[in-house]
Amino acid sequence: MFDKSRIKEHAEVIGADGAKVGTVDRVEGDRIKLTRNDSGEGHHKGHHHFVPLSLVADMEGGKVRLSANADVAVSFEEEKSGKSAA
Numbered sequence: 020m021f022d023k024s025r026i027k028e029h030a031e032v033i034g035a036d037g038a039k040v041g042t043v044d045r046v047e048g049d050r051i052k053l054t055r056n057d058s059g060e061g062h063h064k065g066h067h068h069f070v071p072l073s074l075v076a077d078m079e080g081g082k083v084r085l086s087a088n089a090d091v092a093v094s095f096e097e098e099k100s101g102k103s104a105a
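Here the sequence shown is numbered in the numbering used here, starting from 20 and rising by one per residue.
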């Protein structure tokens, strides 16, 4: 598993395709908590979302690079309640 201590607050999270997924609020357990500003639209807007650390491939230029493309990574996001956002 990726060394989560390397992930810093306010780091940009990008998919393997280079597209932005969100911005790190903080790491909680085995998940990256994204800022509310990156929470999407509709009923998801204003809620924190999470991305599993298992999707982190590396840190590159101060950005968290995921092993999945952004559109796929978003389908793995979880809301604080633990329900899938997809």
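Take these hints with a grain of salt, some might be off.
Here are the computed lysine-lysine pairs in the DSS-like style, where the Cα-Cα straight-line distance is at most 27 angstroms [unchecked claim]:
#: 1; residue 1: K27; residue 2: K82
#: 2; residue 1: K82; residue 2: K39
#: 3; residue 1: K23; residue 2: K52
#: 4; residue 1: K82; residue 2: K23
#: 5; residue 1: K52; residue 2: K39
Hints were generated in silico from the structure; no laboratory data involved. Because the structure is a prediction, the values reported are computed rather than measured.
Keeping to a limit of 27 angstroms between CA atoms, is the pair of K23 and K52 held or broken?
-> holds (12 angstroms)
Below or equal to 27 angstroms on CA atoms is what counts here, so check K82 against K23.
-> holds (13 angstroms)
If you draw a straight line from the CA of K82 to the CA of K39, is it 27 angstroms or shorter?
-> At roughly 10 angstroms apart (the allowed maximum being 27 angstroms), K39 and K82 satisfy the hint.
Given the hint that K52 pairs with K39, test it: the Cα-Cα distance must not exceed 27 angstroms.
-> holds (15 angstroms)
CA of K27 to CA of K82, is that 27 angstroms or under?
-> holds (9 angstroms)
The structure fails none of the hints (numbered hints given earlier).
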